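Trainee: These protein sequence lines are chains A and B, in that order. Using the numbering used here, the first residue of the first sequence is number 1, and each one after it goes up by one. Using the numbering used here, the first residue of the second sequence is number 1001, and each one after it goes up by one.
Calculated from the structure, these hints are not laboratory results. Errors might be hidden in some of the hints.
Now the stretches of chain B that chain A is said to cover, found in silico as 3 or more residues with beta-carbon under 8 Å [to be verified]:
hint, stretch
1, 1163 to 1176
2, 1227 to 1238
3, 1256 to 1269
4, 1361 to 1374
The model shown is predicted, which means the values in this text are computed figures rather than measured ones. Glycine residues also receive a C-beta, built at the ideal position from the N, C-alpha and C atoms.
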Amino acid sequence: MDGCFDSLVRQFWDQTVNGLTAGAIYAMIALGYTMVYGVLQLINFAHSEVFMVSTVVSLHALKEWFGVTGAIHGATLIFVFLGVLLAACLSSGVTALTIERFAYRPLRRRGAPRLSFLISAIGASLAIQYLFALMDGRHALLFWTLPNLQGPAPRQVPRFVQTEQLFSLFGTTVNNKHVLVVGVSLVMLFLLDRFVNVTRIGRGIRAVAQDPEAASMMGVNIDRVVVTTFFIGGVMAGAAGLLFLVFLGGSSHWQIGFILGIKAFSAAVLGGIGNIRGAMLGGILLGLAEKYGGSCFGTEWETAISFVVLVLVLLIKPSGLLGERVRT
Amino acid sequence: MKKPKWLSLVAILAVFALVGAACGDDGGGGGGTPDGDRIEVTVYGQGAWTGGASGLVLPSMQSAQIRFDELNAEEGYPATIKFEQADTQGSGDNAPPVAQGAAEDPNTVAIMGPAFSGESRASGDTYNEAQIPFVSASATAVDLSEFGWDYWYRTIGHDGLQSALAARWVAEVIQPESLFILHDTTDYGQPLAEAVEAAAEDAGITVAGKAGIPEPAINTGTTVNFSSIISDVADSGADALFFGGYDVDSGPFLSQARDAGLDIQVISGDGSVSSTLLDLAGEAAEGTLLLAPSNISSEFVEKYNAEVGAEGFSVAIYSAEGYDAASLIGEGIKQAIEGGAETPEDIRAGIKEYLDTLTEDNPFEGEAKTIFFDPETHELGVFAEELYFFYEVEGEGLTNLGNATEVLGG
Chain A
1 MDGCFDSLVR
11 QFWDQTVNGL
21 TAGAIYAMIA
31 LGYTMVYGVL
41 QLINFAHSEV
51 FMVSTVVSLH
61 ALKEWFGVTG
71 AIHGATLIFV
81 FLGVLLAACL
91 SSGVTALTIE
101 RFAYRPLRRR
111 GAPRLSFLIS
121 AIGASLAIQY
131 LFALMDGRHA
141 LLFWTLPNLQ
151 GPAPRQVPRF
161 VQTEQLFSLF
171 GTTVNNKHVL
181 VVGVSLVMLF
191 LLDRFVNVTR
201 IGRGIRAVAQ
211 DPEAASMMGV
221 NIDRVVVTTF
231 FIGGVMAGAA
241 GLLFLVFLGG
251 SSHWQIGFIL
261 GIKAFSAAVL
271 GGIGNIRGAM
281 LGGILLGLAE
291 KYGGSCFGTE
301 WETAISFVVL
311 VLVLLIKPSG
321 LLGERVRT
Chain B
1001 MKKPKWLSLV
1011 AILAVFALVG
1021 AACGDDGGGG
1031 GGTPDGDRIE
1041 VTVYGQGAWT
1051 GGASGLVLPS
1061 MQSAQIRFDE
1071 LNAEEGYPAT
1081 IKFEQADTQG
1091 SGDNAPPVAQ
1101 GAAEDPNTVA
1111 IMGPAFSGES
1121 RASGDTYNEA
1131 QIPFVSASAT
1141 AVDLSEFGWD
1151 YWYRTIGHDG
1161 LQSALAARWV
1171 AEVIQPESLF
1181 ILHDTTDYGQ
1191 PLAEAVEAAA
1201 EDAGITVAGK
1211 AGIPEPAINT
1221 GTTVNFSSII
1231 SDVADSGADA
1241 LFFGGYDVDS
1251 GPFLSQARDA
1261 GLDIQVISGD
1271 GSVSSTLLDL
1281 AGEAAEGTLL
1291 LAPSNISSEF
1301 VEKYNAEVGA
1311 EGFSVAIYSA
1321 EGYDAASLIG
1331 EGIKQAIEGG
1341 AETPEDIRAG
1351 IKEYLDTLTE
1361 DNPFEGEAKT
1371 IFFDPETHEL
1381 GVFAEELYFF
1391 YEVEGEGLTN
1401 LGNATEVLGG
């Protein structure tokens, strides 16, 4: 076996492509954490379940509503993909809104202490996870079952995107799935960036993140800003859910959000929690760090390495790469 | 504005309803009182009844159910056996409370399983302390016999032999230029892969690389992103890969490897021999070589397919073995009751006594094999190479290449 450096050099471009793809998904999920933190100073632990709901709805939409069983091409593919993307984003957006409405807003109304928000977040996360665990094909809750999320023969995402090798980049092949994941993420991240920096509500979000009292005195509707923030975070996680399924295959699981949620949250912290561009940067960097580190030390260590990187960055710059000083 | 008090009450009731729904599905033993002439007993099947790995476990559980149904319908059989699910989804983390529940059921007389090695490790002490015989027809990790569980029995050969045969297959038949070793870091997959690695090296095969999966799907339920592992494999230049692990990981690995353009001969063990592998990998599974201590195209499988019909799995892994384990338990129950046992505790002891009396001269003739146990280790008395079968994925199914004696020669 060769040394760490040799492996890294040989596999560099390969792992770069892998890291960018994984990182794109982390970045999309990280946005939800960072935006909510920016506006409410709250870690929305239930965001991992927003992602999970999107994977469940994507599976359902693909198999039941669009009846996809195998590969599809051309205009049909675009139509189906956009349709499922819409369903996934809407469902996770609505989930995020529901969480905001029932887990956080009542506490905000009463000026509850920070700790209550934290407990409510964790509770919401567990409640949604177990709700879906109960709803799989074996347990009927409220007369409705999700067809076999995890029962015998769990449903899997149909292989509807036929993989085609597209081009070669410094010796590594890039296929259409890589391009799809990175491409869709870039588009959505770009749109979000524009939204936050150009539109009125976007300005409102930035204002509330800077100083909620001043913002409300300037006529910004705080509640609307909060709701929009949650919805957008949910939509991004929704897209991440569909992309995750298309890229990796397999099925969903009621705990599918758990590890991804932790990684995405770390990515948000790495980039500077509360900073949108930071979350994007953090996601990509975390993905790259994982793959490069894994190439060096062995793939078993990937997750551990990503957290070591996080800790190192925070030791040097506690507020994260693009973060500002923490507001007291 | 003050919320009305009844809203809080509704919320509390809703919580109880959710908890009730969650608890309501557990099987409960009833009786223990004689039903006419028959004593009602409960046997739990522990394993992945649900979840991604269920394709590996359900065929054996279904076959066990077939056997218990036959016994229950038999004239003069002294018990009514209720076969309950102890569902762990195959994860060792889920096992302790599940095993606890099965052990605490007062009517439990035996456990069929645990189906996987990790959960065996996690539940063995519970069953052994409760003095409940537990018979596994599919958990293959070598060290399971080293825990000193008096009440544990295994009706298949362990991974010491599986890895040796896999290595011989690689060295003598497949003969790649170099081999990559991939495992899922579980208590089953890692030892198996490492044993193949050692045996392959001894046989003179170059091991070009080795990798482990950080969070395998068998534990987390989440599909693994294999891209970095695939890059590692491609970089190593190996033309064959041995995977130690389960179908929920090998399936996506094959699929993602094909997507990434990696063309490599994949070989895997019994954890990958299931319908789930074919579902998850699709066309990418074509040409994959597999081995398992179970014959999926035996005569018993025809009976399995006939009985189970539409709910049957195309890859009936461990079906005959599950049927035999149920037969052993059933026979043990019968002999216990005929020997005077009436309470579940006595029946448990009677089952253990029966299993201990099986010897080379007085074995149990099962569908899959002749069974008797080593008095010290409770492993099969004889590990026969003929009981290991080799498969290749062709088209939509597995082609049986023959058993070890046929494929590997002497």
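Trainee: Does each hint fit the structure? Answer for all of them.
Mentor: Hints and how they fare:
no. : hint         : in the structure
1   : 1163 to 1176 : violated (count 0)
2   : 1227 to 1238 : holds (count 7)
3   : 1256 to 1269 : holds (count 5)
4   : 1361 to 1374 : violated (count 0)
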